[in-house]
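A.B. asks: Got chain A; can you put chains B, C and D on it based on the hints?
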Amino acid sequence: MLREHLPVLVIIIPLIAAPLCILFRGRDQAFGIALLATWGSFACSAVIAAKVMASGTLSYELGGWPPPIGIELRIDALNALILLIVSGIGSVVAPYARNSLLLEYVEDRSYMFYCAFLLCLCGLMGVAVTGDAFNLFVFLEISSLSSYVLIALGFDRRALTASYQYLIMGTIGATFIVISIGLLYQATGTLNMADIAQRLPEHGYDRTVIAAFAFLVIGVALKMALFPLHQWLPNAYSYAPSTVSAFLAATATKVSVYILLRFLFTVFGVQFSFDILPTAVPLTILAILAMFIPSIVACFEHNVKKVLAYSSVAQIGYMVLGIGFVTMTGLTAGILHLFNHALMKGALFLVLGAVFYRIGSCNIDRMAGLARTMPWTMAAFVGGGLSLIGIPMTAGFISKWYLIQAAIEKGWWHIAVLIVASSLIAVIYIWRVIESAYFREPPEDLQNVKEAPLSLLIPAWILVFGNVYFGIETSLPVSMAELAARSLLGAN
Amino acid sequence: MHHQIYIGLAIILPLLGTVMIWMSGSRPNQREVVTVITSGLTFLCVLQLLPEVLAGHQPELHVTELLPGLEISFKVEPLGMLFALIASFLWIITSFYAIGYMRGHHEPNQTRFYMCFAIAISSALAIAFSGNMFTLFIAYEVLTLSTYPLVTHSQTDEARRAGRVYLGILMSTSIGLLMVGIIWTWAAAGTLDFTPGGILKGKIDDGLVIVLLFLYMYGIGKAALMPIHRWLPAAMVAPTPVSALLHAVAVVKAGVFTVLKVIIYIFGADFLTETGASIWLMYVAGATVLLASLVALTKDNLKARLAYSTVSQLAYIVLAGALATSHSLVGGAMHIAMHAFGKITLFFCAGAIMVASHKTEISQMRGLGWRMPFTFAAFLIGALSVIGLPPLGGSWSKWYIALGAADADQLVFIAVLMISSLLNIAYLIPVFARGFFGPREEEEAQMAGSHEDHGDHGDHGDHAGDHDTATHDAHDASDAGKRIAEAPMLCVVPLWITALGCVALFVYSDWLYAMLSPIVK
Amino acid sequence: MREYLILRVITKLLFPFILLFALYVQFHGDFGPGGGFQAGVIFAASFILYSMVFGVRSAQHVLPVGILRAGIAGGLLLYALVGVVDLLLGANYLDYSPMSAEAKVGQHLGIFLVELGVGITVASVMMTMFFTFATWRED
Amino acid sequence: MVDFFGLYNYWIVIVLAMAGMYIVIARGNLIKKLVGLNVFQASVFVLYISFGKVSGGTAPILLKGVVTYSNPLPHVLILTAIVVGVATTALGLALVVRIRREYGTIEEDDIHSQDGHT
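Chains as they are written, first to last, in our numbering: chain A, 1 to 492; chain B, 1001 to 1521; chain C, 2001 to 2139; chain D, 3001 to 3118.
Since the hints were derived computationally from the structure, they do not count as laboratory data. A couple of the hints might just be wrong.
Computed list of chain A residues with no C-beta within reach of chain C, every gap over 12 Å [claimed, not checked]:
#: 1; residue: 39
#: 2; residue: 169
#: 3; residue: 285
#: 4; residue: 414
#: 5; residue: 446
Derived lysine-lysine pairs resembling DSS-like cross-links, with alpha carbons at most 27 Å apart [to be verified]:
#: 6; chain 1: D; residue 1: 3064; chain 2: D; residue 2: 3053
#: 7; chain 1: B; residue 1: 1201; chain 2: A; residue 2: 410
#: 8; chain 1: B; residue 1: 1201; chain 2: B; residue 2: 1075
#: 9; chain 1: A; residue 1: 306; chain 2: A; residue 2: 450
#: 10; chain 1: C; residue 1: 2104; chain 2: D; residue 2: 3064
#: 11; chain 1: A; residue 1: 410; chain 2: B; residue 2: 1203
#: 12; chain 1: B; residue 1: 1359; chain 2: B; residue 2: 1299
#: 13; chain 1: B; residue 1: 1203; chain 2: B; residue 2: 1075
So the derived list for chain C, only partly shown, Cβ under 7 Å to chain A, looks like this [to be verified]:
#: 14; residue: 2069
#: 15; residue: 2073
#: 16; residue: 2076
#: 17; residue: 2077
#: 18; residue: 2080
#: 19; residue: 2087
#: 20; residue: 2091
#: 21; residue: 2092
#: 22; residue: 2093
#: 23; residue: 2094
#: 24; residue: 2095
Positions of the beta carbon are idealized from the N, C-alpha and C atoms, including for glycine.
Okay, chain A solo, but in the shape it has when bound (with noise of 0.2 Å):
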């Protein structure tokens, strides 16, 4: 009975567990409520994106409303990915954080930290679901609040200042979203995005929806942290507790590429996005930057954590790159690389989590000779890191090979020979920590480090597995990516 019913549970069991999570204040109470919804959010997730591959789009009337006059939710392939991706990683996260620090650190108020957890997860979702513009920054609001809130539990002071400014930044960036959604309703007087995509070639493209489309790609490149806007990430990342920084680096700049996906695509249609407006030269430009400059920066910084932050905002630039192809492959290429980044970076930042666990810091001559008392963390930290290069067999060469195949498609070798030097500066980076790991002698006093428990362990070996099997297995989302990008291409 309630299988027609999954859009909205999807968002409603964490919406419903948040509150819940306060008024139940134990600590485990709290964890378990957690742990069943995030779970429940997954498996409804698998059940919606079989069926999305299985029989088309979804679409759910909220309040019985028919759109465009009620708040319609709408489910394609590219929307279960996202919903795939961000319940997935928040499964994997929320029983890693019982017992990390972070839990001690807030002591008995570890409830508000699952209540911000879930909404951050149902905000995620939200945005994830809904095919209403305004709803769509409602929801993208509820995420980036809650996800300043869990950014500032850091330990270091500095992560107050992170929060603080990716609240400003994350403001102005959902400030511009929501001006782009004012003039678009002024121009078609219509919030459901659908309805939106069809009712714009008639009013014409006239200088209020080129400014609705210049607000909203500013807004949201703001959001993902593309270059040159992505101050705000390195330090948010790197100061935040390991648990939020990977759940945060791998769904909360996801969803800001869905939402540029959504809109560049489906909103504004292929034609008036890349045909009209010039908008892939100065993408791509971007993203090629984004590639480089902050791969470069990477390469010199000695906390691991901002490292892999400054990856990730690299990483962006690889799924802007993508989708500055305005190909069919290079969407499925940006998109999969949506998936498998999520993957990644979500299974470094965990072992990450579990380095800080027991040696209380994350700085590379700290994590020096740490393979010997740590092996198993390392050998995780080591399958990410592969991963993040690119090496066969493991999920980054997919989303790399149809990259550059995007590439060589297109003709442009010079993007493709770019592509790959890029990747050798992910070699860099990340064999610092390797080396630094494996070939180095332990610190004086870190010579007796334990294992870390197996609570810690357990999450990160999950997605390093899954880096591994979606680098052999590939169907599921090479498939999901292609049908999502050709649903894409195919709407305008």
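C.D. replies: Only chains B, C and D this time, still in chain A's reference frame:
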């Protein structure tokens, strides 16, 4: 059907061995027994495939399909069979040698050493058997990664620096050039399967063939074409068994093996000669042959000299591939085998000398031959084989490559081959000569004892730092007197086996030729 | 502020009326201007005014942190659960029609409950925010 | 000219938005930044309400004899946006309070110089 099992077993057995080695990490004897047994079983598996290949069959094994048209599959053809036989056979020998060497040298982290060694062999076999370029590429990367811990084995700063060069060059060329080439090939031809006659003919502009060939040849960094050869001398910081098996056989041969595979099965020899795209490669390879030999002359460190010799010998095979005539290709393939046996012997000798007398510089080896006659005799055999003198294996492969050059009307390369043989003599024979014909140890001890005398020892002068060690060793030597002080049996026996292998390869080369000839049909 | 007699008296006088107005805005929201957001803020304003004049401590006597926290969660939960009830009744999420025999009455009931939830949450959040900032100690 | 001033509310929006952005960028004081952010958001509220207005329409409440109503939807939307804005401001202020406790200052330059030295 059961041949597929042997393909899988040959690749998986070393990996299982890795796990077993890891589990028996705290019991050295058990660990080494496991290594030896695994290597033996692996060789048997490879051997099981030989009759099939000789009968003209090509057993295949399909594992999984990553993306449509992009699968992991294995196919045994003569070239791969040869490479697999060499790698797995020499692994047995090297295992014994490594036990003697590592124990004699009291190396730390031996478990990691044996584990990585087994993984490296597994990936070398996977390279040998790979049925398409994609599978080969994966195995190629695994080989790079698994040998890195072996290069940095000593964990000193120097080793780490060398490891960085090693990994940097191999990874950046393979990801930066080879992968682009592979993807391009895939985009153009729609397949990556190794197909006799090539897959690119008619699929790609003639003018672009040069670019693609460039991507492949410099993408395969393991072939050590100049100027990307730097990793090979850098890798010499590794323990000698590693240099012997991996950096004279498995890794570098994987490189040139890939070169041959690409030329024969991706481009197609005819296609290359038609378009003339490989002419630049001939000149680059020829230049590498000569330049590397010249550099080898200047090296006083024995392993460094051998490394540059390897660079030069690898370029022979690349040259053979670039000539792309049927004689040269068979000659190139044979050279894989010939050089493998010759060079591993030389490295074994270098290691034996190091274990027995702690000497690494050629200038210190004066008169050492009297103390280690077996080692030095084997060294001579290996050296002559590398130089290419009958009755040793190396002569045949050079002969065929020269024939190939004649076929292709590129007579200048016959000259290159001859000059390089002379250079080989110039840098290899003095090592042997110094061992026997230099002054005896007592004299050396006296000479070393008086410091001012070092200047006239020729190439000794530029190693100022060696004076003290030389003095020290010389005193040890005078204590030991004239007695024979060979390396452990486990070191000496393997190097004689490989030295005899050089002779055997001369005698049985017609068999080798018969096995390899299908690749050019 | 103990000495400002006029403020104290006026505050006491105004207090019930503000509350009443808040309730009016709350429950008349489905006919005229108003609704949970506005009502919640007005409701909270009355307590904020009270605590500004009489001190946060005395305001917190009436509304301790625990109650406010329960209010935040409870309001949201009320809102969400109304939707779940609709689901269980076989309609779409937040489709109130089946909540009563007659669709129109059902719609009324649903919006009433949802707005109540919103009002409780907003009021609690506003007061919590004020109390938190007002009682923040530098330490 | 009439067109120019006839759209005065949009000019107000632009001025507010620019002023707000300028404050956010130019001021180093964390509280002032938040104030700037609020001004910036306020401009959006005005924008929404502006285009909700239908000329000649009254407030969107059902009354006998009135045909033209202003569009109520932007009002509802902007109410939500205001709530989001309030939440953002509250969170921002809470962060500032904690930053002051940790650093003893709310000036951006001082905070940077402190982090630079620690």
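A.B. asks: Failing hints, ascending?
C.D. replies: none
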